[in-house]
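Peer 1: Per my numbering, numbering of the sequence shown is gapless, rising by one per residue and ending at 423.
One or more hints might be untrue.
As the list claims (entries may be wrong) - Straight-line distance between alpha carbons at most 25 Å, and here's what the computed DSS-like set of lysine-lysine pairs gives:
no., residue 1, residue 2
1, Lys140, Lys172
2, Lys416, Lys386
3, Lys386, Lys323
4, Lys88, Lys74
5, Lys386, Lys83
6, Lys320, Lys401
7, Lys257, Lys172
8, Lys422, Lys88
9, Lys88, Lys320
10, Lys320, Lys386
11, Lys254, Lys172
12, Lys422, Lys323
13, Lys74, Lys422
14, Lys386, Lys140
15, Lys416, Lys140
16, Lys422, Lys401
17, Lys254, Lys323
18, Lys320, Lys257
19, Lys416, Lys401
20, Lys140, Lys422
21, Lys413, Lys401
22, Lys413, Lys386
23, Lys416, Lys88
What the hints assert, rightly or not - So the derived label-pair ranges between C-beta atoms look like this:
no., residue 1, residue 2, range
24, Gly264, Gly160, 34 to 40 Å
25, Gly259, Lys140, 43 to 49 Å
26, Gly293, Glu408, 21 to 27 Å
27, Asp379, Pro302, 28 to 34 Å
28, Leu143, Gly326, 20 to 26 Å
29, Gly383, Arg128, 15 to 21 Å
30, Gly347, Thr261, 26 to 32 Å
31, Thr378, Lys413, 44 to 50 Å
32, Ser298, Glu408, 41 to 47 Å
Since the hints were made in silico from the structure, they are not lab data. No residue lacks a Cβ here, since even glycine has one placed at the ideal position from N, Cα and C.
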Amino acid sequence: MSANRRIFLGRCGTAGAISVGVSLPGIWRGAIRAAGNQAKPGGRVLVVVEMAGGNDGLNTVIPFTDDAYHKARPTLAVGKDRVLKVTGQVGLHPRLAEIRALFDDGQVAVVQGVGYPRPDRSHFRSMDIWHTARPEKVDLRDGWLGRALELDPRALGGGVPALALGTEKLPLALLSSRVNVPNVQSMDAYKLVAGPGDSSTQARSRQTLREAVALHGASGSEGGAASELDFLRRTADVTLTSVDRLGEVAKAYKPGATYPGTGLAQRLQVVAQLIAGNLGTQIFYVSLGGFDTHSRQQPAHEGLLGELSGAVGAFLKDLKSHGLADRVMVATFSEFGRRLAENGSLGTDHGAASQMFCIGAGARGGVLGAHPSLTDLVDGDPKHHTDFRQVYAALLEKWLGYPSEPVLGKGFKPVDCVKV
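When you get a sec, could you build the whole thing from the sequences and use the hints?
Peer 2: Below, the structure is given as structure tokens:
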């Protein structure tokens, strides 16, 4: 790192707006411009929720009538009387009450038995597979959503076509060599320009940015306009030009639901605010971690499912109050499920097939596909019968309007989880 770059980052760092990646405040001038001349009015929005760690699908969508389930999990099996039944054979975990209510309203597609051939039980490799949609090879140059955005001239033209919120780094799924997708590492970056908090602190942060831009703007940068320092300077510069517009968006937004006090709920509330602001972002990506439940699974898993359900329920209620619910689809995934049998530590180990949820007014509600057999297993794991790329194909083609074959590398029959 050059001395000038270190100095500039040091001056900007106290403002909380600049990171090694592109942080939220540094990209909104393009978004504001895009909202005026590039975003499709009333365009559809996809919100991806990553359940990181390997969610226990068998305790999420529960085969409560299957004796094999109860036999394999003498301590972890959810009792039949607690299950939120959605068919005569399966039901939802009792902590998924808000999602169950949405299911009853026809707004949840439960896609069962989702996975891919020759499943990999490594978190890293399996997550790479889900993010790139390339199980057959290791190719981390771009992700499936990044490739989709490259098909859209609006995304190539600037603005913020997609945004990752609350992630440490840009998710591989959104990586593209042609489309700039920012990630917001913390809510502090958002609060700098649009959130609640101490106005004097925000003012000092903005002044820090102004001083850094003024000091480094006149002298140019190393290596010409494309250099890293110049990029960072311009990132800070557009932060300042976008503050007023984001402030207007924040002031105009009034939540139409009471959000739980959880991290996922906080992130989804910001997503709702940005959708209501009509800044033209088509894809949002958030993550909920902690699903690697090798020991003492029950309290941890129940808490995570409750966090997911409460956050998604409030999010969609909020959007409905603003007349936006018909535009938004929430899709959940996890890199793998868990094994059928519980382990000796009151937990479960890495498995294979699980389920995906597609949630929203545009979802074709119901339970899609049979629950995987719990007696016909592969290395102790339920087999998948639906390739995850079939769900991706449905989201791309039927919801976002992108052709799926250029994105996924070949044709996959879309799962019928989205209303046409």
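Peer 1: Please go over all the hints and tell whether each is borne out by the structure.
Peer 2: These are the hints, each one checked on the structure:
1. Lys140 - Lys172: Roughly 23 Å separates the two Cα atoms, so the pair holds.
2. Lys416 - Lys386: holds, 19 Å
3. Lys386 - Lys323: violated, 37 Å
4. Lys88 - Lys74: holds, 20 Å
5. Lys386 - Lys83: Roughly 24 Å separates the two Cα atoms, so the pair holds.
6. Lys320 - Lys401: Status holds; Cα separation ~23 Å.
7. Lys257 - Lys172: Distance of about 29 Å is beyond 25 Å: violated.
8. Lys422 - Lys88: It holds: about 24 Å lies between the C-alpha atoms, which stays within 25 Å.
9. Lys88 - Lys320: holds, 23 Å
10. Lys320 - Lys386: Given that 25 Å is the threshold and the Cα spacing comes to 35 Å, the pair is violated.
11. Lys254 - Lys172: It is violated: about 29 Å lies between the C-alpha atoms, which goes past 25 Å.
12. Lys422 - Lys323: With Cα atoms ~18 Å apart, lysine 422 and lysine 323 stay inside 25 Å; holds.
13. Lys74 - Lys422: violated, 38 Å
14. Lys386 - Lys140: holds, 21 Å
15. Lys416 - Lys140: holds, 21 Å
16. Lys422 - Lys401: holds, 7 Å
17. Lys254 - Lys323: OK: lysine 254 and lysine 323 at ~19 Å, within 25 Å.
18. Lys320 - Lys257: holds, 13 Å
19. Lys416 - Lys401: holds, 12 Å
20. Lys140 - Lys422: Cα-Cα ~32 Å, so violated.
21. Lys413 - Lys401: Answer holds: lysine 413 to lysine 401 is near 17 Å, not above 25 Å.
22. Lys413 - Lys386: Holds, because 23 Å separates the two Cα atoms, which is no more than 25 Å.
23. Lys416 - Lys88: Violated, because 29 Å separates the two Cα atoms, which is more than 25 Å.
24. Gly264 - Gly160: 34 to 40 Å: holds, 39 Å
25. Gly259 - Lys140: 43 to 49 Å: holds, 45 Å
26. Gly293 - Glu408: 21 to 27 Å: violated, 35 Å
27. Asp379 - Pro302: 28 to 34 Å: At roughly 31 Å between Cβ atoms, proline 302 and aspartate 379 fall inside 28 to 34 Å, so the hint holds.
28. Leu143 - Gly326: 20 to 26 Å: violated, 40 Å
29. Gly383 - Arg128: 15 to 21 Å: Holds, since glycine 383 and arginine 128 (Cβ atoms, about 19 Å apart) stay within the stated range.
30. Gly347 - Thr261: 26 to 32 Å: violated, 41 Å
31. Thr378 - Lys413: 44 to 50 Å: violated, 32 Å
32. Ser298 - Glu408: 41 to 47 Å: Taking Cβ atoms as reference, serine 298 and glutamate 408 lie about 43 Å apart, which means the hint holds.
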